[in-house]
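Student: Dock chain E against chain L, hints included.
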Amino acid sequence: GAVVSQHPSWVICKSGTSVKIECRSLDFQATTMFWYRQFPKQSLMLMATSNEGSKATYEQGVEKDKFLINHASLTLSTLTVTSAHPEDSSFYICSARDPSGGVYEQYFGPGTRLTVT
Amino acid sequence: GIQVEQSPPDLILQEGANSTLRCNFSDSVNNLQWFHQNPWGQLINLFYIPSGTKQNGRLSATTVATERYSLLYISSSQTTDSGVYFCAGGGGFKTIFGAGTRLFVKA
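Just so you know, the protein sequences line up as chains L and E, in that order. Residues in the first sequence are numbered from 1 upward in steps of one, following my numbering. Residues in the second sequence are numbered from 1 upward in steps of one, following my numbering.
Mixed in with the good hints, there may be bad ones.
Residues from chain E that face chain L, not an exhaustive set, calculated with beta carbons under 8 Å [said to hold, decoys possible]: (1) Asn45; (2) Tyr48; (3) Ser51; (4) Lys94; (5) Gly98.
The hints are simulated quantities; they were obtained by calculation from the structure and are not laboratory data. Only a predicted model underlies this, so the values are computations on that prediction, with no experimental measurement involved. Even glycine gets a Cβ: it sits at the ideal position worked out from N, Cα and C.
Pulled out of the complex, with its shape left as it was, chain L reads as follows:
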């Protein structure tokens, strides 16, 4: 159980275009979802936290107008990178958790590798 999927697994786009990444919890309801980005040989950096039906909470330094997050249902969150530039190229990973029962374990998707040319 506790499977999280991401789509697409990789994407190449031209500078100035927008890209949408989907994150789904397949076998549980995720009241909270998280978006991380990871540069090569570095750790995961939290970008934002989203709760179903609420606006996302962004970490300091993350542009909310550039990285649009929508958590429309208990099983789906989307990250849209708007007007992408080469410096946005990175590995984006989502995670989800259902803290019912007081357990805060997070489950991660397989990640999306974004390359902006």
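Tutor: Positioned in the frame of chain L, the structure of chain E alone reads:
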């Protein structure tokens, strides 16, 4: 915010050796997890361990919440154990990651 420190940053082992990875937190956490990131980037859940001790095969973990640290033990290491090990935790809704321990197990 909470700071997460992992040690050692890099570790090279001969196959069959044992190792201990450490994770220190700057403040109390109510959730703590250990992950293994495989070569394709997928994070594999190893342990959810805000306190106490757990074991799963050759891996075990111990968290001493009052002293704000956690340990991951790998026994009889295998080449397939190679990769990056992360600990992560937080005091509320957030989960913050440490920098990771990069493990290479030689055959």
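Student: Run every hint past the structure and note whether it holds.
Tutor: So, going through the hints one by one against the coordinates:
{"no.": "1", "hint": "Asn45", "verdict": "7 Å, holds"}
{"no.": "2", "hint": "Tyr48", "verdict": "4 Å, holds"}
{"no.": "3", "hint": "Ser51", "verdict": "13 Å, violated"}
{"no.": "4", "hint": "Lys94", "verdict": "6 Å, holds"}
{"no.": "5", "hint": "Gly98", "verdict": "7 Å, holds"}
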